[in-house]
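*Asks:* Throw the hints in and build the complete structure from the sequences for me.
Spelled out from the first residue to the last, the chains are:
Protein chains: 2
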Amino acid sequence: MSENNNPGRILLSLTGWAPDVWLKQLAETAPHRKTVVEPEGESDPSIEYAVVWKPRPKALGKLPRLKAIFSVGAGVDHVFSDPDLPDVPIVRVVSPDLTARMSEYVVWQVLDHHRLGPRYRQQQLDRIWEEDRDQPAASEISVGIMGLGELGTDAALKLRCLGFKVSGWSRTAKNVEGVICHAGSEGLDPFLATSDIIVVLLPLTPDTREILNKDLFARMTKRGPLGAPILINAGRGGLQNEADILNALDTGQLSAVTLDVFQQEPLPADSPFWAHPKVTVTPHSAAASMPASLIGPMVAQMDAHDRGEPLTNLVDRKAGY
Amino acid sequence: MSENNNPGRILLSLTGWAPDVWLKQLAETAPHRKTVVEPEGESDPSIEYAVVWKPRPKALGKLPRLKAIFSVGAGVDHVFSDPDLPDVPIVRVVSPDLTARMSEYVVWQVLDHHRLGPRYRQQQLDRIWEEDRDQPAASEISVGIMGLGELGTDAALKLRCLGFKVSGWSRTAKNVEGVICHAGSEGLDPFLATSDIIVVLLPLTPDTREILNKDLFARMTKRGPLGAPILINAGRGGLQNEADILNALDTGQLSAVTLDVFQQEPLPADSPFWAHPKVTVTPHSAAASMPASLIGPMVAQMDAHDRGEPLTNLVDRKAGY
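For the protein sequence lines, the chains are A and B, in the order given.
The number in the numbering used here is simply the position in the first sequence, starting from 1, with 563 added.
The number in the numbering used here is simply the position in the second sequence, starting from 1, with 563 added.
The set of hints was computed from the structure by calculation and includes no laboratory data.
None of these values were measured; they are calculated from a predicted model.
Incorrect hints may have been included.
Repeated chains share a single entry, so a pair holds when one copy, or any two copies, can fit it.
In silico DSSO-like pairs for lysine-lysine, Cα to Cα no more than 30 Å straight-line [stated by the list, open to error]:
1. Lys881 x Lys625
2. Lys587 x Lys785
3. Lys728 x Lys587
*Replies:* In structure tokens:
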């Protein structure tokens, strides 16, 4: 109980997000802990936990008594980009709320392509009344999910619920009911060759950086009822080679893409993606991390750790996610 | 077996649809029956079954040995509009394929409003990168389904799968797991007052004609995270008072609508719906009746009926659906 009488402080280090609502939630959820907002708290020995999104490089390495880092995003590439990252456990956020939001986005965008949203919106603009009598059923469409972690698995099951055929690909073998699971480099070709719509929910690691490139697109050989494959990236912008995506759209290797993430965010105003007729752009809004649903479990983990219990949802440093 | 040695003919009477693909499917599925396309077969005593979409008025009443009418659409208002409709059983289509397609459409449009599709598309046009940090989760949104038949029930369950709160309203009491079911005139106000998004899958009958009118909109009092209620009509155009819908959008009583059906179809080029910023128009494409999935069960019913077995999925003439 000694720790709970004088629990360590929390450092909040968020780039690009206003800290106010996070601070408020921390104050309500963890009244027993003080939270300071970076750049406050530099080298502060009373800080034991950091809650971060794209933390300022080298800031975490200066905290002498840091016990663990909590990422408020599902991906942790924003943590590993710090060259002086201290050797403490990194906890990823696993939140039913965040997972459900991502699945909403995935199902929304899969359905928007499958049900010809772009075509019907253009027809509305042109005042044209013309139904596509060849509309396939979901049961005729294979959706392939790249990345079968918490997010990919949930999205796969919800797409199954809507009647789609679903397959998945992951680095290590997974088993998801009703989903054809491929794994490793030898599983990639059969996965790519059978998918009408490919949804990317991979972590960004040295192995996956720019994995969405011309070589991969050339292996997406399925030509189903929707034509050439459709790509949906709701993972990280760093996964995609953007010149290769534009080229694949222009040559017809891909028939359409939805991108929620980009190499550079915000997407620059002169990006060719904005006005491309085959591109749907959303502003990294697929699955927002909501303080109200994330802070409670984080503080519970800090308290449990102080009582000597193990941390859960730990990042594998070697795998990079 | 006597009937099967000389089975009755089929009359195909479709308005607005090319009969070719239906004829082909009938020839493949029912090689033992001859099919004639209206206006052929007038008063033909060898015709025992009619397969219809908006049949030509008075044509069915002239067939002396007609045993049953099969509607290729889920709604049967197009049959009842014939003033000389003969007094034979009317069979509605109940097809897992048709039901699944309608649920795809409903989930697609619910998600498109819930996930701010119109807003993000406008931002893409304007090259604006701005996430809505107040995006509610599906679990914070109540979707109300008007009409809990085959279609409404399936859509309700699939919306539940995505995490939405779902309620339903129907003329007679229903019970759907996980769905708050309201019924009858006394159930309408509590249903309307608690729904953020209202999906209309009602049959068109004298009781429901123009039920979507200003009186109903005034009773939609919920003001949730998405603002004023959103209306999605994938039932029949005759359910809606179109002037009242436009007025409700202009006054803010409704925040947006998706209409797949209209009083007049095709929607006239001068309709104000086409260019209205709060209206999504689709060309009666929510759930197409596909010959390949519908004809088989119809022919099976005809053969069973000839063997003396009862018809199923019969329309209740008094209720009108």
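*Asks:* Next, verify each hint and record whether it holds.
*Replies:* Outcome of the hint check:
{"no.": "1", "hint": "Lys881 x Lys625", "verdict": "within (23 Å within a copy, 79 Å between copies)"}
{"no.": "2", "hint": "Lys587 x Lys785", "verdict": "between (50 Å within a copy, 29 Å between copies)"}
{"no.": "3", "hint": "Lys728 x Lys587", "verdict": "between (43 Å within a copy, 28 Å between copies)"}
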